[in-house]
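Chemist: Use the sequences and the hints to build the structure in full.
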Amino acid sequence: MNSMPRDRTVLLFAAARDRVGEPSVAVPLAPEATVGDLRAALCETFPSLRALGGSLLIAIDEHYVSDADVIPEDAEIACFPPVSGG
Amino acid sequence: MPTEIPFADVTDEPLDVNRLLESVRTPDAGAVVVFLGTVRKTTHGRETDSLTYEAYRSMAVKELRRVLEGISREWPICRIAAEHRVGDLQLGDIAVAIAASGPHRDETFTAGRAAIDRIKESVPIWKREHWADGEIEWVDPTGGVLNDSAAQQAKSSEVPT
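Residue numbers (this note's numbering), protein chains in the order written: chain F, 1 to 86; chain G, 1 to 161.
There's no promise every hint is true.
Derived list of chain G stretches under chain F, where covered just means 3 residues or more per stretch with a C-beta under 8 Å from a C-beta of chain F [what the hints assert, rightly or not]:
hint, segment
1, 46 to 58
2, 82 to 96
3, 116 to 128
4, 131 to 142
Hints were generated in silico from the structure; no laboratory data involved.
As the structure is a computational prediction, the values presented were derived from the model and not from experiment.
Every residue gets a Cβ at the ideal spot worked out from N, C-alpha and C, and that includes glycine.
Modeler: Next up, the structure:
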């Protein structure tokens, strides 16, 4: 059983992208990592995201998710601030 | 009869309101409602120069359709369509357009109102203000900290999870 973390691509948008300075980043995650694990890893790796902290939204395969959800193997992962369209 | 959703788009082009309106017209409808979200000049006494809208486009299109499908399940309307524009918008430009039709005005007005409320809550699109005084900042609907200016941080409050 391979339980080594591997790099997952996380798309960033709007103020999250501006704070980090890149439209996407690589975040090492263990297999079966949850959205909550990702949130913690992002804030750990990118201190500029910490101020957004709990308000950061995470989408997996273009759906909103809860922190308890497990991130599937080949999912598209996106992270962004509260939305402000309309 | 299932509700038709003729448009659920995100576009770089100026919105064609007539096309959107015509797309929801049907002999089954006695009421047609159009909502336009436009770029406003003044916000809390501060003047806007222009706005930029950015989208997570592939998800925004899907979420927009999900919002409209949800509306159509809740109210007995005939058709509902919406388009959101992204890019640089000037004062008075139309950022979002919603058109809805139904047999009667009660549910049609309500559906149109619910549509803009829910689009603003969930569609992954972000607005950036280019203020007339030169500052540029992302709009933060939660009132927390989105920009790095000291003024913003000074007035930041607990950000809800």
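Chemist: Each hint needs a verdict: does it hold in this structure or not?
Modeler: Status of each hint after checking the structure:
By the rule of at least three residues with a Cβ nearer than 8 Å to a Cβ of chain F, the coverage given for the segment 46 to 58 of chain G holds, with 5 such residues. With a cut-off of 8 Å between beta carbons, the segment 82 to 96 of chain G has 3 residues touching chain F; three or more are needed, and the interface restraint holds. By the rule of at least three residues with a Cβ nearer than 8 Å to a Cβ of chain F, the coverage given for the segment 116 to 128 of chain G holds, with 11 such residues. For the segment 131 to 142 of chain G, the stated coverage by chain F is satisfied: 5 residues place a CB nearer than 8 Å to a CB of that chain, which reaches the threshold of 3.
Of the numbered hints listed earlier, not one is contradicted by the structure.
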